[in-house]
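Participant: Chain by chain, the residues:
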Amino acid sequence: MINGKYLVMMPAFNEAKSIAQAITEVRTYSPTIDIVVINDGSTDDTAAIAAESNVAVVSLPFNCSLGSAEITGFMYAAENKYDITFRVDADGQHIPGEIDTLAKPIINGEADMVIGSRQNYRFPLARKTGSLIFSLVVKLITGQRIPDCTSGFRAFNLAAINFLKNNYADDYAEVDSIISLTQAGFRVTEVPVAMRYRAGGNSYLSLWRSVEYMLKVILNILIKSFRRK
Amino acid sequence: MAIERLSLVLLLFCFTMLAAVFYLIRKDHLKTQHALLFMILAIPLLPLSVSKNLQNSIAGILGIYYPPTAFFLVGFAFVLIILLYLLVAISGLSTQNKILAREVALLKAKIVEESLRFL
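In order, the protein sequences belong to chains B and X.
So for the first sequence, my numbering puts the first residue at 1; every next one is plus one.
So for the second sequence, my numbering puts the first residue at 230; every next one is plus one.
Chain B with its partners taken away, still in its complex shape (with noise of 0.2 Å):
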């Protein structure tokens, strides 16, 4: 990668199990690379285990939600004014390998905002069928084709990252982010990365949750696309 100001951000509601492995993977990919962890208000030991690994750790005093612990990475990383911020799961799912081909786009001047699209991933059929759900609605809304809107391995330019720190969903906002960001006129792409599947912890998705997160980002599209007109 060239030179410049890079983070990691790792948003982390309960895990314990898998952070140290997460911040290890990306301290071998890059050792001078800036990581912070947000702790969603985790009830095991995540903040200290992430604290033990010598990076800085920003603890929600509760539970917010995933889309308040991002936008905490945001305003984290526009205050440090970081060139590229990659958004990483702390679930050891995304390979920190594969940041390189995040950055590239962005690098190149192509994107402000690069999406990991999950190649060699199966999913169950429920979020198959959301995501293909996601993919039409956002086509239709921005014109572009995105297979694989939900997936939260992505990178950031600072622009992008300005503008999401005031303009991101509390809840549930990576399809939103996409649409929002095309609107106001950033360019969005998606890169094939390969993927891994959970090292522990509880996903944000469970049954009932991916009928919720259906549903209500459907409604958010939906009534975002009329207060846009």
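None of these hints come from the bench; they were simulated from the model.
All residues carry an ideal CB built from backbone N, CA and C; glycine is no exception.
Check the hints yourself; a few may be wrong.
Simulated DEER-style distance windows between Cβ atoms [said to hold, decoys possible]:
no. : chain 1 : residue 1 : chain 2 : residue 2 : range
1   : X       : Ser280    : B       : Ile223    : 41 to 47 Å
2   : B       : Leu132    : X       : Ser323    : 58 to 64 Å
3   : B       : Ala159    : X       : Glu342    : 39 to 45 Å
4   : X       : Phe301    : B       : Asn162    : 33 to 39 Å
5   : B       : Asp45     : X       : Val238    : 57 to 63 Å
6   : X       : Leu315    : B       : Leu132    : 37 to 43 Å
7   : B       : Asp100    : X       : Leu315    : 48 to 54 Å
Non-contacting residues of chain X with respect to chain B, defined by C-beta distances greater than 10 Å in every case (computed) [stated by the list, open to error]:
no. : residue
8   : Leu266
9   : Ala288
10  : Thr298
11  : Gly304
12  : Val308
Using the hints provided, position chain X relative to the given structure of chain B.
Facilitator: Frame of chain B; chain X shown alone:
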């Protein structure tokens, strides 16, 4: 007679609610801003609870067969309005709460970072 007794109960209920609102404002347990909507909605229920003519005319307009039901219909509509108002207030508070939480978390992290720098 049954309607009169009902009117009396409704009247007492309206007065009790208004008195409770005044008491809560005085004790600083309720903000005037929130109480205002409650009073604006509750005060029209007072004449409706005692005046049979008013009940009859509203029931006539709305096509209600049993006039005292008009009171409950209007009351129910008011309760829904108050519920919506409260949900808006809760949404605002929740957003403000999370903004504060984020600011506190970042400030705390900054303090830790600064203190480590001086060690």
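Participant: Decide, hint by hint, whether the structure agrees.
Facilitator: Here's how the hints hold up against the structure:
1. X/Ser280 - B/Ile223: 41 to 47 Å: Check passed, 42 Å falls within 41 to 47 Å.
2. B/Leu132 - X/Ser323: 58 to 64 Å: violated, 32 Å
3. B/Ala159 - X/Glu342: 39 to 45 Å: 25 Å Cβ-Cβ, so the 39 to 45 Å window is violated.
4. X/Phe301 - B/Asn162: 33 to 39 Å: violated, 54 Å
5. B/Asp45 - X/Val238: 57 to 63 Å: holds, 59 Å
6. X/Leu315 - B/Leu132: 37 to 43 Å: The hinted range 37 to 43 Å holds for X/Leu315 and B/Leu132, with Cβ atoms some 38 Å apart.
7. B/Asp100 - X/Leu315: 48 to 54 Å: The hint (48 to 54 Å, Cβ to Cβ) holds, given that B/Asp100 and X/Leu315 are roughly 51 Å apart.
8. Leu266: For X/Leu266, whose nearest Cβ neighbour in chain B is about 25 Å away, the distance exceeds 10 Å, so it holds.
9. Ala288: holds, 38 Å
10. Thr298: holds, 35 Å
11. Gly304: holds, 31 Å
12. Val308: The claim holds: X/Val308 sits with its nearest Cβ about 25 Å from chain B, beyond 10 Å.
Checked against the numbered hints above, the structure violates hints 2, 3 and 4; every other hint is satisfied.
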